[in-house]
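Student: In terms of numbering that gives the first Met the number 0, the sequence shown is residues 0 to 327.
Everything labelled a hint here was simulated from the structure, so no lab data went into it. Computed from a prediction, not measured in an experiment: that's the story for all the values here. There could be a bad hint or two in this list.
[To be verified] Computed beta-carbon distance windows for the label pairs: (1) GLY17 with PHE291: 19 to 25 Å; (2) TRP125 with ALA77: 17 to 23 Å; (3) LEU270 with ALA117: 28 to 34 Å; (4) SER194 with ILE151: 46 to 52 Å; (5) PHE205 with LEU176: 17 to 23 Å; (6) VAL169 with LEU269: 22 to 28 Å.
Built from N, CA and C at the ideal position, the CB exists for glycine as well.
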Amino acid sequence: MASRAFVRRSIGLALIVGAVVAQSFAGFFTQELIAEAAILAIFALSLDLLATCGLISFGHAGLLGIGCYVFAGLTVLAGGSPNLAFPVAIVSGGAVAFMVGLFAVRTTGAFFIMVTLAVAEMLYAWGFRSKMFNGADGMGGIPRIDLTAVGIDLNNPGTFALTVIVVCAVIWLLLELVVASPFGRTLAAIRQNPSRVAALGGHVYFYRLAAFTASGMVAALAGAFKVQHINFISPDLVSWFVSGDVLIAVVIGGIGTLVGGPLGATLLVLLKETLSSNLGHWYLFLGMIFAFVALLMPKGIVGYLLDLNDRLAARKRPSECRQTERAT
0 MASRAFVRRS IGLALIVGAV VAQSFAGFFT QELIAEAAIL AIFALSLDLL
50 ATCGLISFGH AGLLGIGCYV FAGLTVLAGG SPNLAFPVAI VSGGAVAFMV
100 GLFAVRTTGA FFIMVTLAVA EMLYAWGFRS KMFNGADGMG GIPRIDLTAV
150 GIDLNNPGTF ALTVIVVCAV IWLLLELVVA SPFGRTLAAI RQNPSRVAAL
200 GGHVYFYRLA AFTASGMVAA LAGAFKVQHI NFISPDLVSW FVSGDVLIAV
250 VIGGIGTLVG GPLGATLLVL LKETLSSNLG HWYLFLGMIF AFVALLMPKG
300 IVGYLLDLND RLAARKRPSE CRQTERAT
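I would like the entire structure built from these sequences, with the hints used as guidance.
Tutor: See below:
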């Protein structure tokens, strides 16, 4: 039977190929949905990276918002180049995550959740009152990165969607390498037993801080893409609803699996669009669907598939042993 890593990577490749093929044949509206799903997938990857070391944030929208506001501020307010604002937004997300993480990662569990939520709510309150960004009314006119020099027009919906898909795929592959590295294995060990890692001389605090900082950079990247996609920024992008959406996506897809985040993000966007177009009070039905999935598959969809693969492999081993005994 296939290994767990092979199953995870097969699901990831299937998502990438499916998104690229769908984008190639889609119209304007579907391309916009694909771009939205890909951006949420990047955001979900950032949260799932953090979950690798056993931390769950309910204020991750704050880091997404850093990317949003920095990119919008540098391009619209300062008149800077989008090409320069994009990497600055990513670095800013990492810098803010590092500063918040200096005290946040000293906590775990519910305490870490509340600290990150408090920071995100402070940013939301600032955005709500900010005169620079028109407060609750928000601000539009946000330009996209200019790649026409290499023949890429991001103002084209299909091209923009394809670009975000490619970036999402690259980030996923990079995070797969990180998780498979000694650093990633240490993060997994910290998730399972931080006391033992500390007893063996591992610096649990610094590993968690590094994971939180990297997570902030990926979240800010998603934020910079988000404001380019919707051409608008408002405090709603930093609200706890956004943090809840990405948390639902990761939990439903399979927390700690990396590929579960993008899978959950895709399902969330598709379900939202389908239900909101056909039903009133659609959020109620969406919640019921996710509650049903969570009850049937506590480890998420990918976690369920991985466990199923393990069970099938366990059944196959005795039959292989019997065949070997008969042959001898």
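Student: Which numbered conditions among the earlier hints are violated in the structure presented, ordered from lowest to highest?
Tutor: none
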